[in-house]
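Asks: As they're listed, the protein sequences go chains A and B. Sequence positions in the first sequence follow the numbering used here and run 1 to 463. Sequence positions in the second sequence follow the numbering used here and run 1 to 346.
None of these hints come from the bench; they were simulated from the model. Using N, Cα and C, we set each Cβ at its ideal position, and we do this for glycine too. Treat each hint with caution, since some may be false.
[As the list claims (entries may be wrong)] Only some residues are given here: those of chain B computed to face chain A with a beta carbon under 10 Å:
id	residue
1	Asp-126
2	Leu-192
3	Asn-327
4	Arg-328
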Amino acid sequence: MAEPRPPLTLAARVLGAVLLILLLGGVLVSGSAWLNGQQAARQAYDRILLGAARDIAESVRIQEGLPVADLPVSAFQLLAQAPDDRIYYAVHGPGQKFITGVDPESAVRVPEPGSGGPDYFEAKLNGEPARFVRITRRFAERNFSGPVEVVVGQTLRARKAMTADLMLDALLPMAVAGLALMAIAWLVIRTALRPLEAITDDLARRDPYDLTPIATGRLPRELQVVLGAMNRFMGRLDGQVEAMRNLISDTAHQLRTPVAAMRVQAETAVAEPGEAARRHALDRLLARTRSLGRLLDQLLSRALVVHRTDSAPRLAVDLREVALEIMERNDHALLAPGSDLRLEIGEDPVMVQADAFSLGEAAGNLLGNALRHGTPPVSIGAEQRGPDAILWVRDAGPGPGPAVTEHLGRRFNRSAGTQENSTGIGLSIVASVAAAFGGRVDMVREDDGFRAALVLPAAEEKP
Amino acid sequence: MTRAWKMLSLIAALLPAAATAQEATVQYGSGPVPFLIRSTTDNSIIQPVMERFAELNPDLTITYEQWGSNALFARSRADCRDGNPPADAVLSSAVQQMVWLVNAACAQPHRSPAALALPPSRRWRDELWGITTEPAVIVYNKRLIDGADVPRSRFSLLDALRANPGLYRGRIATYDIAASGLGYLFAYSDSLEATTFGALMEGFARVDAVATCCSAEIIAGVAEGRFLIAYNVLGSYVANASAPEVGTILPEDYTLVLSRAFMIPKRAAQKGASAELLDFLLSAEAQNLLVEAGLVAVIEDTSSGLTASARRYIPLSPSLLVALDANRRALLLKFWSDTFGQGAIP
Chain A
1 MAEPRPPLTL
11 AARVLGAVLL
21 ILLLGGVLVS
31 GSAWLNGQQA
41 ARQAYDRILL
51 GAARDIAESV
61 RIQEGLPVAD
71 LPVSAFQLLA
81 QAPDDRIYYA
91 VHGPGQKFIT
101 GVDPESAVRV
111 PEPGSGGPDY
121 FEAKLNGEPA
131 RFVRITRRFA
141 ERNFSGPVEV
151 VVGQTLRARK
161 AMTADLMLDA
171 LLPMAVAGLA
181 LMAIAWLVIR
191 TALRPLEAIT
201 DDLARRDPYD
211 LTPIATGRLP
221 RELQVVLGAM
231 NRFMGRLDGQ
241 VEAMRNLISD
251 TAHQLRTPVA
261 AMRVQAETAV
271 AEPGEAARRH
281 ALDRLLARTR
291 SLGRLLDQLL
301 SRALVVHRTD
311 SAPRLAVDLR
321 EVALEIMERN
331 DHALLAPGSD
341 LRLEIGEDPV
351 MVQADAFSLG
361 EAAGNLLGNA
371 LRHGTPPVSI
381 GAEQRGPDAI
391 LWVRDAGPGP
401 GPAVTEHLGR
411 RFNRSAGTQE
421 NSTGIGLSIV
431 ASVAAAFGGR
441 VDMVREDDGF
451 RAALVLPAAE
461 EKP
Chain B
1 MTRAWKMLSL
11 IAALLPAAAT
21 AQEATVQYGS
31 GPVPFLIRST
41 TDNSIIQPVM
51 ERFAELNPDL
61 TITYEQWGSN
71 ALFARSRADC
81 RDGNPPADAV
91 LSSAVQQMVW
101 LVNAACAQPH
111 RSPAALALPP
121 SRRWRDELWG
131 ITTEPAVIVY
141 NKRLIDGADV
151 PRSRFSLLDA
161 LRANPGLYRG
171 RIATYDIAAS
181 GLGYLFAYSD
191 SLEATTFGAL
201 MEGFARVDAV
211 ATCCSAEIIA
221 GVAEGRFLIA
231 YNVLGSYVAN
241 ASAPEVGTIL
251 PEDYTLVLSR
261 AFMIPKRAAQ
271 KGASAELLDF
281 LLSAEAQNLL
291 VEAGLVAVIE
301 DTSSGLTASA
311 RRYIPLSPSL
321 LVALDANRRA
331 LLLKFWSDTF
341 GQGAIP
């Protein structure tokens, strides 16, 4: 098998196509120019032939009962317009009786008489292709009556020269135009492809870990679409990589301390000789384990939310349904058994464009925080206020300290991370969801308690 | 002698007309390659040129055959038609016959700077070239005609004939156009040029002009004083006759100029040598030799008193075919004999 050729460059392809088109056009134009030239030359020299033949026929007169041709020099001067061509002429009387001619011995094969008009034909003249015309003049004199046939012929040099001249005349400007077109095409292609080349260069030079967007500033629209898609893709990739990095870093950060603590407590339990003390250590180990489990849940949930807000399609979601679902999931019974949870939703749907799962996670975390750190009764609700769709959780307590609200929106709360029942990750999930869907987290201290709310832009309600 | 040469001799011997038509044969050089040139030019006139060519080409043995123009034409035509080995080069003053041969595809082309430098009137199809420059002149006896009375144009010749028929009776000579190919060519060219031709013929007839066949005879007659004036004599013959009594006039109304035509026959065995001969003949050296030989008349300069418009070159062009046309020839001869009268022809 042949070695695969390296792929052609775009410029080479386009130039090749242009060249092919020009060549094809050139061939067509050449053919047409040649045909036209041939036709023009044929017409021009056929007229000369006919003129000469008419002159000769005109010169025939009847002398003593016989036709005699007083050959006019003008006829031959006419034929000499083709200066380098051989000439044939012959005048025949009735019954092909030779009257005069260039050479009685040289016979040209004359076709059968046609309609009587000038008959043009082609034949060999002394071995050279030549064109002939035959005309007939009819005499009706007292002492001579009958047709006199004049055949005049000429070789084709002048015709060929004229054809070539005409063709060249037609083709030279075409060739010049073709070259100019090629040059222009080259320039145009270069100009058109320059942005692409710039991108190619940029990509070739780019660090493989560099996921920053490529500038789309002065690019043609088609390329902007391509680059936009690529930039979005790279952005997402960047986001995913960042999220993964965060997850790993968060997880490491969050897990190191509890795991170390668990190891210490386990060692304490093993080393403790007293039953009560061992029991106490085991209890604490268990609490730690639970806390670690919740922490893991939250970390994974957060990773999932980050992933989903990035990739899951945005759908119309009714915040009331999110609140309802939280209620129905009944997780709070586990967190805070016997607590009082109320649902406050109106009759009108509270629509947003978002991912229901992420919203559920966010709401679950808000609720979890309220149940764990707040004061019952806790209520959850959804409402629309102007352009805002709000999903909120309220408890009767004073709310968290200002340090927590202040750190809201960070990836996680490092100071909180050391606590067993951390709210930091939960709030960071809420903040991530709010950021992903273009909303914010509101924490408001009210007269009768504390309200944490996820505020999202309300979607246009669809009928 | 090569075998081909023997064959040629044999064939020549088998063609009685052709074999006897050759008037003289001269050899130049003694190289191994035979080279045959047939010409209508007197060997004595062209000798210096041929000698120089032989000197330049020592490998050639040049056989120079001198022919009458009609015989040469017949022979060349027969060679061309029958496929016999032709001469290697043909040089003839009967240019109409040469044009006919070229028209009948009996010649082969040659292109060289020298040949292409010829004006179009002296070149046709790159197969026929005019070598010489020879005007058709009026000659007169210097002793018998006073310088002032010499007719400088056809009109003054006509006037002289009318004014003094007694003086000129029987003492005007011209070619017999039926017998002389050259005479016919000049008469034909005259008939194309001007209406003076008819008037001149009638004038000649009135004074019982003598029509004769040969240049030598005419010039000798003028030199001796038998003829006072001879019309349409080839200038080169006058120049070579070394007759101091004979004066030459280039007619001022127009002067026909003949250029002997050179042709390389189609199947010439020594095509290269023929082409060399042609280039040599057109070279400055050979042209100078030809000037000395009288075959190239210097008429281009102002000293000849001939205006450019009065120089009528007989062009090597297909229209010369008309000169050979049988009907046309018959008509011209008839006109000539009708006006000239039977009695005038000796």
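Asks: Compare the structure with each hint and give your call.
Replies: Hints versus structure:
This hint holds: Asp-126 (chain B) has a C-beta 8 Å from the nearest C-beta of chain A, less than the 10 Å allowed. Hint status for Leu-192 (chain B): holds, given a least beta-carbon distance of 6 Å to chain A, under 10 Å. Because the closest C-beta pair between Asn-327 (chain B) and chain A is about 4 Å apart, less than 10 Å, the hint holds. Checking Arg-328 (chain B) against chain A by beta carbon gives a least distance of about 5 Å; that is within 10 Å, so the hint holds.
Comparing the model with each numbered hint stated earlier shows that all of them hold.
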